[in-house]
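Number of protein chains: 2
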Amino acid sequence: MPERRKWSFLIPAAGDGIRLGLGPKAFLEIAGKTMLARVMANAAAISGDVVVGVPAGDAEAVAAAYPDAAIVAGGGTRQETIEKLLERARHTWVMIHDVARPLCSPALIEAVAEKSIETGAAAAFCPVDVPVAIVEGGRIKAHYGAREARLFQSPLAFRADLLRQAYRDAHAAGRLAQSTVELVVASGYDVRVVEGERTNIKITTDLDLALAQVIAARADDA
Amino acid sequence: MPERRKWSFLIPAAGDGIRLGLGPKAFLEIAGKTMLARVMANAAAISGDVVVGVPAGDAEAVAAAYPDAAIVAGGGTRQETIEKLLERARHTWVMIHDVARPLCSPALIEAVAEKSIETGAAAAFCPVDVPVAIVEGGRIKAHYGAREARLFQSPLAFRADLLRQAYRDAHAAGRLAQSTVELVVASGYDVRVVEGERTNIKITTDLDLALAQVIAARADDA
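Chains as they are written, first to last, in our numbering: chain A, 1 to 222; chain B, 1 to 222.
With the rest of the complex left out, here is chain A:
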């Protein structure tokens, strides 16, 4: 039986939630529990080394509320924030899960962790019901059926040294990516795909927030 891997759990939560206009997402409540509290509970189930990136002005208050976690002031971009969290990770495997997805199930976190052992990299991807078009200048450049298309989701799980190498490569190439998976793929690593959850939504707009309240009320009732 392989040795049980130890995980550092990185939570980028430094966004200012500009699109929602309700302050930093970390402190928004979904069915009576903040988004950060929900993700912290997920983290604690798998990791004894939780590192959270928050808006600089909130670091002290969050540190007081979560004395067992390492609290770091976030960077200027999500990519920078994750790099700062990675510097503080103590274990040889890291999981990343955004505070903007507070409704992820513990089962999905386990599944992504499990899958990552194959190549050192795995992530959740969400199924879609409709085909996807790749659009350029108002025209369809390519299109893919719903069966083969997936939306990026999280959590992500990596061998820490692999993720550190992807960041070094990104610096060398001056690469900026919306997603950590893109950075890792760009470095030539094979990111394994885990089927995500439709309820693990990313909360960006007030409509997402309304949907999240519905999902959370159902899950908390169950």
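These aren't lab readings, by the way, just hints derived from the structure by calculation.
The reader is advised that the hints may include incorrect statements.
[Unchecked claim] To spell it out: a stretch of chain B is covered by chain A in this simulated footprint if at least three of its residues, at any positions, have a beta carbon under 8 Å from a beta carbon of chain A; those stretches are:
hint	segment
1	149 to 155
2	174 to 188
3	207 to 213
[As the list claims (entries may be wrong)] Some chain B residues judged to face chain A by a derived CB distance under 8 Å, without partners named:
hint	residue
4	133
5	138
6	143
7	144
8	167
9	202
Glycine included, C-beta positions come from ideal geometry on N, C-alpha and C.
Starting from the known structure of chain A, arrange chain B on it as the hints suggest.
For chain B alone, kept in the frame of chain A given last:
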């Protein structure tokens, strides 16, 4: 000034709503109004020739409820249903809008109609917040940034003869497609892209239905 185009409006509503398990979607209520009634109201705003495909057993009842529309028993697949509706279209331009998207705004319908004049084909596509992966055998074959990726949406607008040609080509090639846009693109036509609406959701699961109630309540209040 160009002659005002006349539109036939085709509504595929023959699905049995198996995934939802609440009977045919057409008759599901969103905030007190059936999905079919909502799409019929959209259709009436642009078209005097509305053709609806419903489950065979419901054709008579729907015809009684909507005496001004042509009611047709749907085919075995969405592709077949639309072809049957197309046979009944009286005008030289057709718009297609699925009953599963009852929350489309009249403005989006107008925008797609307007755009279609450029090449004879246009459709709504929904923006995404995250990148898209193309997956094969559990591995990422390609990935695209959120900026260039779009989810297929509706309405669709076509010159009727162009759409009829796409169907003839599909028969000749034995082509089955999830979406009408795929058929039209496969025939070599240039489908113009119109920015869709996040609220114009496709109702497939009970979670979609819950979200639809939230969206409809807001829109009906506005």
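We went through each hint and held it up to the structure:
no. : hint       : result
1   : 149 to 155 : holds (count 5)
2   : 174 to 188 : holds (count 5)
3   : 207 to 213 : holds (count 3)
4   : 133        : holds, 5 Å
5   : 138        : holds, 5 Å
6   : 143        : holds, 6 Å
7   : 144        : holds, 5 Å
8   : 167        : violated, 18 Å
9   : 202        : holds, 6 Å
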